[in-house]
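Undergrad: As a plain string of letters, each chain reads:
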Amino acid sequence: MQYHTPATFGDAVAIASGAEGVTRFLAGGTDVLVQLRSDLVEPDNLIDIKRVPGASDITKNPDGSWTLGVAATGAEMSEHAELGRDWPGLVEAMDLIGSTQVQGRATLTGNLCNGSPAADSVPAMFAAGVTVSVTGPDGMRQVPVEQIPAGPGKTNLAKGELISAVHVPARRAGGGDAYLRFIPRTEMDIAVVGCGVNLALNGDTITEARVALGAVAPTVVMVPDAAAAIVGTTLDDAALAKLSEAAAAACNPIDDKRGTIAFRTHVAGVLARRVARIAYDRAKG
Amino acid sequence: MALDSQKTDGFKQVGTRPDRPDGVDKVTGRARFGADMTAPGMLWGAIVRSPHAHARIVKIDTSKAEAMDGVKAVVTRADFSTSVAPARGMRGEMWNTLENVMAGETALYDGHAVAAVAATSALAARDAMKAIEVEYEVLPHVTDVDKAMAEDAPVIRADTAEASVPEGMHPNVVRYHESGHGDLGAGFAEADLVVEEHFVTEATHQGYIEPHACLATLGGDGKGELWCCTQGHWNVQKVCAALLDLETSQLRVTASEIGGGFGGKTTVFIEPVALALSRKANKPVKVVMTRSEVFRASGPTASTSMDIRIGMKKDGTITAASGVFRCQGGAFPGAPMEFTAMCAFAPYNLKNVSQIGYDVMTNRPKQAAYRAPGSPMAAFAVESVIDELCNKLDLDTIDTRLKNASKEGTQASFGPKWDRIGLVETLEAAKAHPHYSEPLKPGQGRGISCGFWFNHGGETAVSLALSEDGTAQLAVGTPDIGGSRASMAMMAAEELGIPYENVRCTVVDTASLGYNEISHGSRVTYASGLATIKAARDAVKKLCARAAAKWGIPEDAVKWEDGCAVPSGPNAGEHDPMPLAKITAKMGATGGPIVGHFEATPEGAGVSFATHIVDAEVDQETGKTSVSRYTVVQDAGKAIHPTYVEGQFQGGAAQGIGWALNEEYVYGDDGRLQNATFLDYRIPVASDLPMIDTVIVEVPNPGHPYGVRGVGETSICPPLAAIANAVSNAAGVRLTQLPMSPPRILRALGTHD
Ligand SMILES: Cc1cc2nc3c(=O)[nH]c(=O)nc-3n(C[C@H](O)[C@H](O)[C@H](O)COP(=O)(O)OP(=O)(O)OC[C@H]3O[C@@H](n4cnc5c(N)ncnc54)[C@H](O)[C@@H]3O)c2cc1C
Chain A
1 MQYHTPATFG DAVAIASGAE GVTRFLAGGT DVLVQLRSDL VEPDNLIDIK RVPGASDITK
61 NPDGSWTLGV AATGAEMSEH AELGRDWPGL VEAMDLIGST QVQGRATLTG NLCNGSPAAD
121 SVPAMFAAGV TVSVTGPDGM RQVPVEQIPA GPGKTNLAKG ELISAVHVPA RRAGGGDAYL
181 RFIPRTEMDI AVVGCGVNLA LNGDTITEAR VALGAVAPTV VMVPDAAAAI VGTTLDDAAL
241 AKLSEAAAAA CNPIDDKRGT IAFRTHVAGV LARRVARIAY DRAKG
Chain B
1 MALDSQKTDG FKQVGTRPDR PDGVDKVTGR ARFGADMTAP GMLWGAIVRS PHAHARIVKI
61 DTSKAEAMDG VKAVVTRADF STSVAPARGM RGEMWNTLEN VMAGETALYD GHAVAAVAAT
121 SALAARDAMK AIEVEYEVLP HVTDVDKAMA EDAPVIRADT AEASVPEGMH PNVVRYHESG
181 HGDLGAGFAE ADLVVEEHFV TEATHQGYIE PHACLATLGG DGKGELWCCT QGHWNVQKVC
241 AALLDLETSQ LRVTASEIGG GFGGKTTVFI EPVALALSRK ANKPVKVVMT RSEVFRASGP
301 TASTSMDIRI GMKKDGTITA ASGVFRCQGG AFPGAPMEFT AMCAFAPYNL KNVSQIGYDV
361 MTNRPKQAAY RAPGSPMAAF AVESVIDELC NKLDLDTIDT RLKNASKEGT QASFGPKWDR
421 IGLVETLEAA KAHPHYSEPL KPGQGRGISC GFWFNHGGET AVSLALSEDG TAQLAVGTPD
481 IGGSRASMAM MAAEELGIPY ENVRCTVVDT ASLGYNEISH GSRVTYASGL ATIKAARDAV
541 KKLCARAAAK WGIPEDAVKW EDGCAVPSGP NAGEHDPMPL AKITAKMGAT GGPIVGHFEA
601 TPEGAGVSFA THIVDAEVDQ ETGKTSVSRY TVVQDAGKAI HPTYVEGQFQ GGAAQGIGWA
661 LNEEYVYGDD GRLQNATFLD YRIPVASDLP MIDTVIVEVP NPGHPYGVRG VGETSICPPL
721 AAIANAVSNA AGVRLTQLPM SPPRILRALG THD
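The listed protein sequences derive, respectively, from chains A and B.
For the first sequence, our numbering gives the first residue as 1, with consecutive numbering after it.
For the second sequence, our numbering gives the first residue as 1, with consecutive numbering after it.
Hints may contain errors.
[To be verified] Below, in silico cross-link-like pairs of lysine to aspartate or glutamate (EDC-like), each with a Cα-Cα straight-line distance of 20 Å or less:
1. B:Lys-582 with B:Asp-469
2. B:Lys-130 with A:Glu-42
3. A:Lys-257 with B:Glu-202
4. B:Lys-582 with B:Asp-538
5. B:Lys-403 with B:Glu-190
6. A:Lys-242 with B:Glu-621
7. B:Lys-542 with B:Asp-562
8. B:Lys-130 with A:Asp-44
9. A:Lys-154 with A:Asp-44
10. B:Lys-280 with B:Glu-257
11. B:Lys-541 with B:Glu-555
12. A:Lys-257 with B:Glu-501
13. A:Lys-257 with B:Asp-669
14. B:Lys-541 with B:Asp-509
15. B:Lys-130 with A:Asp-39
16. B:Lys-351 with B:Glu-178
17. A:Lys-257 with B:Asp-680
18. B:Lys-431 with B:Asp-394
19. A:Lys-257 with B:Asp-144
These are calculated hints, taken from the structure and not from any lab test.
I would like the entire structure built from these sequences, with the hints used as guidance.
TA: So, in structure tokens, the structure goes:
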């Protein structure tokens, strides 16, 4: 196994493009190192991107949008008061990951690229409309985060491609987001269902909404029908009931040790309602 | 001097709360656990395990592994004893253990060891392990207890059943228990209400944080040294010697510090394998299990299927009770069904009672003890039915239990007459506790349960050596799994009349004392404690003799008071008290070293009862339960170190909460364990638990010099039932299956199917 610490994303791409066998980028390592130690994967090349200058920066741009470095950790996000004011749902989703120790290492990008349908920050990123910079042998492009996951443990990144930055839109007035997950315990567990909602209001009426679900399909999914169910409403009971139905209808889960199909489908509806209420309250300020 | 009278008050040390002697070592990382030992030239072992639930081992090809760099030895079953023979039921336990440690002709469960390798590094061993080629012929399997008893179930091993098993049962039913008294028919006829219910519990794991680990050295001369984390190193010595055809005394076993056991470290798994590898490689070999190996191939508890029937009069009198308890304990005899059966109705004074137990084999790992083996499941089933009867007859749950409670002199459901017991006292203390009268908030339910465990004495040897400076070295043979070194030092200090800090208690190796039974059966503070007191009294007698010689008076004219020999009686004369340190300072010249010791198999362990009160809330939309308040009331006989008694009470409740709500062995259709990690085997995390309040009841055990009863196991008997009753009352529907995971609760509520 070769361990690399490139100084630029260009160098990282060059190493990855030329590498044979199994390659893994290493951000916080809270997935990669666990997989290594439990003998699930033995990479031939491990490319640590934490040494790239600026990789841990969290920056607010002049237009109010945010650029997050790919090595910025959950703890750094939680400690950033202004980011939390703009995007409380995104930050709380990231903050749910693991323990204090894990928070000191875990990243949004790692959570996304690990490819778990149950990844906690991913529904929140979907809902927030996050985009990422993908750097590869052919240069750089910016893509919506929804285009990254391909299936359990898989992404749409091609050989040699990595994510070099995370872009979070500006938070406009009258907007709010939230994330909740269902786990049978209170922490240190994996989402049986996760739900992220981001919405914008005009007065009491919802003008825009994005709803995403985790752990109910092979990837995190956007649920446009659920968003449509609440746009134009004041989140009254009828709207919540429709939201619930749409969320349940979008589920295509599996029966496994973590939950049954019927349970996941039912709880997706329950969570969607609860999350939408929180996002709505936050949007109202 | 009256050595054998019971002392229940006037203590100086007992009942205080000093720091534990191993505390600093543990918080600074100085303590050495199983995996912390190394030796020059040490190799690493790794074990090849069956991926199949049931398969004939056709061929094992080790040639590729043996040819690899750094590989020094490969062992299979051929490298173990050929003289240990199979036998029916528990008489075959040594062979069962051998078969479990290393499979013979058949792999009996997912994770069953089939070969092992030793190499110069952990990685080399892991790579070599993958190079061992095993050819299997997959056989039909069964992992469910009821299915394993059905006519069409695959036979796991013919001719294993004991003669007591009724004619016509499936060969997987290997042991049978039946007990009770009275006339059930007449009893049920007298009842105003009879409730009958079927209950199911899944297997759970003790969940100790330290995986099994050992370092073994065994030469061709048959002399060996073994360092391991275990609850009983004399047992390890005896069993390893048998499985490897060694002389017992030639193998010295040292117990490391232990990161939890709860019964799961009362047997051997990797130790004989490490010794076999070491003998073959002629080098020390270390083996450390991964967490996944711990789940797949150590010893979880039994899963059960139970039927309970109880009849009650309108005034709460139980008229009759019967139970059928089916326990599976993996691919070997030994599921603790007789304990399940015997504990089930133990809290109640019943005229008509019957209990039947079946020990059933399945393709799962060989069960091991888990705190009060078998009893928690029985309490779950029985106490749920009592709760249901109380609900339906509108009776107070504690008053009803008090009305039927076992007491000194009443006949136990399994036969004997009770000695002095403290069940009534725990019920009364629970009733008087503010928790019981606190109004419930909307959405909450309250549950009560009693629980019972026998406790145990067992072979015990202790020695206490005095040092020149007047301090004492106490050597015990029972690994400290709950703060026992502190309790032992306190009891020795109490008898000697010296400060607690002046006693150093050590768990010594097998070469240093006579046989000590395992730290199990809640026996340590009782039996090693009794032996410590008697060893200290033996030392005191010798101290008094030295003072008598010095003063020139008869030995019986000297007594021991506050750490000094003092003259006593009319002919003793006038002498200043002689402190312990003054006697020991000169002991080399006055007769040599002073050592007190005691060896026996104490029989008076004294049973223990508990009553738990639990409040729980259920989220009706998601099925998620939270335990909002928990109170443990238990009879400790006499609490030597109250903090560690409370710790045992709280620990039992915490493990019970996990067992009741989320912990379970999940098997796929292929018979493979699906959740062999702490991510998916859901033990409670700290934030899942409420503050667990404790009340220590002290009804002295007549069988111990200070009245001690074991406390380690009884605390896990009531939680499953108390939580199930709280959850059922909160949800408004009776939960009859554990764990009460959110999907199961929603199903019970009829939210979905
Ligand atoms: C104890 C524990 C608890 C956990 N709890 C949770 C939880 O509650 N919820 C949850 O969702 N997850 C949880 N996780 C999983 C993990 O912590 C998260 O997925 C985390 O966000 C991963 O981030 P990382 O930086 O550590 O990723 P890494 O392990 O460094 O990488 C993860 C994957 O992303 C790839 N990758 C990393 N950076 C890049 C990049 N720039 N470009 C392309 N690919 C990249 C890696 O190659 C790897 O495949 C837990 C893990 C542990 C150990």
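Undergrad: When you check the alpha-carbon spacing of Lys-130 (chain B) and Glu-42 (chain A), does it fall within 20 Å?
TA: holds (14 Å)
Undergrad: Take a quick look at whether Lys-431 (chain B) and Asp-394 (chain B) sit within 20 Å of each other, Cα to Cα.
TA: Since the Cα atoms of Lys-431 (chain B) and Asp-394 (chain B) sit roughly 17 Å apart, the hinted pair holds (cutoff 20 Å).
Undergrad: Under the criterion that the straight-line Cα-Cα distance not exceed 20 Å, is the pair Lys-280 (chain B), Glu-257 (chain B) satisfied?
TA: violated (28 Å)
Undergrad: Is it true that the CA of Lys-257 (chain A) sits at most 20 Å from the CA of Glu-501 (chain B)?
TA: violated (50 Å)
Undergrad: Can you confirm whether the C-alpha distance between Lys-257 (chain A) and Asp-144 (chain B) stays at or below 20 Å?
TA: holds (16 Å)
Undergrad: Do the alpha carbons of Lys-242 (chain A) and Glu-621 (chain B) lie within 20 Å of each other, as the hint requires?
TA: Status holds; Cα separation ~16 Å.
Undergrad: Tell me if the straight-line CA distance from Lys-542 (chain B) to Asp-562 (chain B) falls inside 20 Å.
TA: Given pair Lys-542 (chain B), Asp-562 (chain B) holds - Cα atoms ~16 Å apart, limit 20 Å.
Undergrad: Can the restraint linking Lys-257 (chain A) and Glu-202 (chain B) be considered satisfied, given a maximum Cα separation of 20 Å?
TA: holds (13 Å)
Undergrad: Does Lys-257 (chain A) pair with Asp-680 (chain B) here, judged by a C-alpha cut-off of 20 Å?
TA: holds (7 Å)
Undergrad: Decide if the proposed pair is consistent with the structure: Lys-582 (chain B) and Asp-538 (chain B), CA atoms, cutoff 20 Å inclusive.
TA: Judged against 20 Å, a Cα distance of about 18 Å means the pair holds.
Undergrad: Under the criterion that the straight-line Cα-Cα distance not exceed 20 Å, is the pair Lys-351 (chain B), Glu-178 (chain B) satisfied?
TA: holds (16 Å)
Undergrad: Going straight from one Cα to the other, do Lys-403 (chain B) and Glu-190 (chain B) come out at no more than 20 Å?
TA: holds (17 Å)
Going down the numbered hints, you'll see the structure goes against 10, 12, 14, while the others check out.
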